[in-house]
Amino acid sequence: MATRAFDPAALERYRQFLVELLEELEGDIIPSLREGTLKKAPAFGSSPGATENATVEYADFHATTWRNLQYLRGTLHGLIAGLQSAIENNGTVDHQVATDLLRLTEGDDLYT
Amino acid sequence: MSDSSSEPYQGLDGATPAAGAPAFGAAPPAPPPPAPPSGPIVTLPGEYPEAPPFQPSDPIVTLPGEPEVCLPARMGCSNAECGNPTAHPAEVDWQRLVSAVPVEGQLYRLRPKEAGMSFPSETDFRSAVSAVRPEDPDAHAISRLREAWTGEVAGRLADWSERIKSNLTDLAEGWSGTDFEAFETACDQTRELVDDVIDDIDATVTNLQSTEETLYAIQGGDSGDIPYPAAQVWIDGDWHSWVSVHIRPAWWHGDCIEYTCQDAEHVLALGGAEPEMATEIIDYIDERVLHYVDFYSSPVNIDRDGLDPRGITVDEAKQLAIVDAMEQYSTQVTQAFTSYEGRQNEVNEDIGQRSTDTDGEERTMRTIRSDKDYPAVADPAYMDLEPPAMDPPHGTQSPLASDDPSLEPPAGEAPDTSDPVAPEEDDDDEVSGGLASGGPGFGGGGGMPGSLPSAPAATSTAGGVGPGAGMVGSAAVPAAAAGGAAAAAGSRGSAAMMGGAGGGMRGPGSSEQDREPDVDLVEHENMWGFVNEDDDPYA
Chain A
1 MATRAFDPAA
11 LERYRQFLVE
21 LLEELEGDII
31 PSLREGTLKK
41 APAFGSSPGA
51 TENATVEYAD
61 FHATTWRNLQ
71 YLRGTLHGLI
81 AGLQSAIENN
91 GTVDHQVATD
101 LLRLTEGDDL
111 YT
Chain B
1 MSDSSSEPYQ
11 GLDGATPAAG
21 APAFGAAPPA
31 PPPPAPPSGP
41 IVTLPGEYPE
51 APPFQPSDPI
61 VTLPGEPEVC
71 LPARMGCSNA
81 ECGNPTAHPA
91 EVDWQRLVSA
101 VPVEGQLYRL
111 RPKEAGMSFP
121 SETDFRSAVS
131 AVRPEDPDAH
141 AISRLREAWT
151 GEVAGRLADW
161 SERIKSNLTD
171 LAEGWSGTDF
181 EAFETACDQT
191 RELVDDVIDD
201 IDATVTNLQS
211 TEETLYAIQG
221 GDSGDIPYPA
231 AQVWIDGDWH
241 SWVSVHIRPA
251 WWHGDCIEYT
261 CQDAEHVLAL
271 GGAEPEMATE
281 IIDYIDERVL
291 HYVDFYSSPV
301 NIDRDGLDPR
311 GITVDEAKQL
321 AIVDAMEQYS
331 TQVTQAFTSY
341 EGRQNEVNED
351 IGQRSTDTDG
361 EERTMRTIRS
371 DKDYPAVADP
381 AYMDLEPPAM
391 DPPHGTQSPL
401 ASDDPSLEPP
411 AGEAPDTSDP
421 VAPEEDDDDE
431 VSGGLASGGP
441 GFGGGGGMPG
451 SLPSAPAATS
461 TAGGVGPGAG
471 MVGSAAVPAA
481 AAGGAAAAAG
491 SRGSAAMMGG
501 AGGGMRGPGS
511 SEQDREPDVD
521 LVEHENMWGF
531 VNEDDDPYA
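Protein sequence lines, in the order shown, are assigned to chains A and B.
Take the first sequence: its letter number 105 is residue 105 in my numbering, and every next letter is one higher.
Take the second sequence: its letter number 420 is residue 420 in my numbering, and every next letter is one higher.
Excised from the complex, chain B in its bound form:
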């Protein structure tokens, strides 16, 4: 502890009385007490040749700023037409909101707030929380530090003042005179010093607790419900005849997740709409196509409508069907899109407001502190006045999403491990297991591209090699669409043919939506056999 005592002390020369001064009792008028030290430079001019007094090392510089700088350049969707911005507009606000750590043990208590939208996967959600927080978030939690100031500092000092005073009674029994009185005064000064330190800590702890509680409430309080950016959606093509739907979750890199019309119901469900609407529209279009094919197989009808006597092609039938579908469903579809956008904006605004509130709380947080007076008897040789550098909350990064959005909320259950603080030790090389403490992709803190094993950007160049690769390759979609020209491009029949071309395009994440393509085409939908003109209002 007293390592500094062995070093020659250079400061406070002025406090040394002139040689030959009386040893005791006849001291010359005391020099003024040491000026209330406003900082170590004033107190000890020789101690700080360069460093400013109030900057312990460099934690401020290395505290989490904008973690994006740690990541490799972020790739957008390779489809130049894609309307989804590369970065979700709510990302930065969310990072600012979640990166504050008010209390311990939050990782598995937070959960995406229900907003009628899709959810991130369990992995992506925990990884996102972990990424924006320090490697060991609990150690940097405001609550833990606040409690330590009380328990490990102020609490230990709490009875010192009284003990210093009460023991003086005993001392007075065996000592008296001027020296004793001077000593007694020094003890009183010491008590004042102790009490002032405690007062500062208590006041600061009160403020820290207020900030902690405010941030905790902003982050959902006991419910842990915290808004999560809803995936962006862009439709490649018109709604009635789309090639694919681009789903782009927040913090996605590279090509968007593409859902083909094969997954129309799933896409609508992800968007919070009724999946049945997709089924209905697809069936309706199919029905109308068949209707027109059938209707114009009659020379009478062709002649009546002045069409080419050879009849109409399937494409022409589809165009007619789409006109019908637009008339029938445009309002409904537009409402669904508008509703999605509205809910998405609500989520974004919720995140934005919470981010603003977080910022406001932190901007007004105050600590109470001042350098205290101390008795002149204090020996500066035992003052190590250079504050130690704190460990900044390092290891924060921008999240990196890698999974398809889900209809199910994240489980929110801590891994079954006796040591939930360091579950990455159980992960070995399983990428998807990296949840707490950053996981394999986030724990390093270095942010080197090579250390991101789950980078979805890999899927943008090499089809289907990485985790979360939904598509075999985006090129398969237009190719399949072209191949499906014989049927209505927007219909389930076309989807089936696309599925046939792309065989097993979807990853395991959409198994409930998978259809056996050939069966689907040939038998399952019976798409050329069920037209009942008696039920067709357009017949």
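Excised from the complex, chain A in its bound form:
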């Protein structure tokens, strides 16, 4: 692994891939919540159960999902910046990104 040649084109391809995801997230998905179909709150009606529970449950879900999508958005920006940094530095990333990336190794290993 360590002896493998550094190929900026491969990093660029992945960067492009992430940019596409980001564009879909920022151009299609998030706008649906902010100004599209999902900007509308559901009409659960005027019963107490609707106003006291269903509407609140839904609003919380909408807000939480909004934040999660923003976390995802920030993540994609961070990953893209990291790749860009690596491309510009022959495979190494600047200390900020490196630190953030390495911190992940303490995270759970569901996918590793």
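Watch out, some of these pointers could steer you wrong.
What the hints assert, rightly or not - Here are some of the chain B residues that sit facing chain A, going by a computed Cβ distance under 7 Å:
id, residue
1, Gln95
2, Ile142
3, Val153
4, Gly155
5, Asp179
6, Tyr374
7, Pro380
If you are wondering where the hints come from, they were derived from the structure by calculation, not from laboratory data.
Remember, it's a predicted structure, so these values are computed and weren't measured experimentally.
Every residue, glycine too, gets a C-beta built ideally from N, C-alpha and C.
The hints should help you fit chain B onto chain A, whose structure is shown.
Okay, now just chain B, sitting in the frame of chain A:
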């Protein structure tokens, strides 16, 4: 999209390593990953100086509560004796039942459930449904939003996790080492984030669909049959000699609709009884009046019964006739009233139960959500963490009935327009055309009195000026009744005279019951000429 990126970001200072830290490979032991954000306040202390995290703007506050507050004070019947409550007891339950919008395109699929009662007019029924629902009900339908979560969010993210992973294979061909491994780990974290978001959405969509289906079933399902409050009825006077019958539909303002005995058959039909019963009773009383007038025209009979030798008045004859009628028909009439009340209560209970079921479903509805972990590489400058305010389902109001009840169910057909979502554009100034989307009386959302062109309250003060004004003026009824003293006040003869006094009292809604008053009195009924004592069991 990245408008927030131009703003200086103030949060997460602690994530910045000390100056002079090694650029790569020799980073100090990593600080703990960011705490699982339980809310934006925890994650970004500077972002929310005041607003609590889980209340996007104010949609909760402005969601439909009790829409009555939007309306002007509601007038009851001006007859102090009137026994009809100003508000129908099933109104609030019905509003709670119908105001929930489970699916799109329901407006013209709903219809009043057959219950042996009168129906609201097409206009009143559609207006009532529209009034308690948002201006654009389809946009707020649970089904549309549920499908959007799947189609516009979860569906778009569905293959991200796999693509992020599979593309890493290609990346690995051109990159290796610690940095690559760290990047790979960040990608795995990203996949986990994406998958967790999808899981929340899928679970919530499942719950939303369950609520949608439950509410749809409560609202009649595919049949669209939904109970509608039956009009309240109060009789001004005794049943055998009434001045008028007060019919008060749900959401009626001002004076009740008054039917005179001229419309006795129609009133009974509205009540689900046999109209023939009215005809029979009226004819019976008329017959008995004539009988007694005739009977006591004989001095022999007067003398035998010890009456005033001058004979009896028509009023006295009527009293005698009524005694006979009560004996003959009281049980039947009481049964009819009891039956009406029973059916009315059944409808009310049906509405009440469905309202309760609606409330129960909404009270137990749950969404699945939690703030997710995200890789530390994420750039908080690109996180706009303040959720946007949703559009609440605004524009809901209490309905406002303006038409007489009908024997015919509402047609339930959408207006012939290529754009059924906004038919009010075709209405111009025609009040009765305002059906979908609230119509002219309901679409504004402001609820200002001046914006309610069809307010029936107008009829309570100025006789016959507004749509739905059945009577020229309630004062005409007792006046006419007094004028009709020469005949039996409860009989058709009296009704005819009342009709003569009030000339054309009824609006066009009762044309089939209209009688030409003078003809009715003089010729049509022949009320003084048909008594055949041979057929009279009381003769």
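Hint check:
no.	hint	result
1	Gln95	holds (6 Å)
2	Ile142	holds (5 Å)
3	Val153	holds (6 Å)
4	Gly155	violated (10 Å)
5	Asp179	holds (5 Å)
6	Tyr374	holds (4 Å)
7	Pro380	holds (6 Å)
The structure does not agree with numbered hint 4 stated previously, though it agrees with all others.
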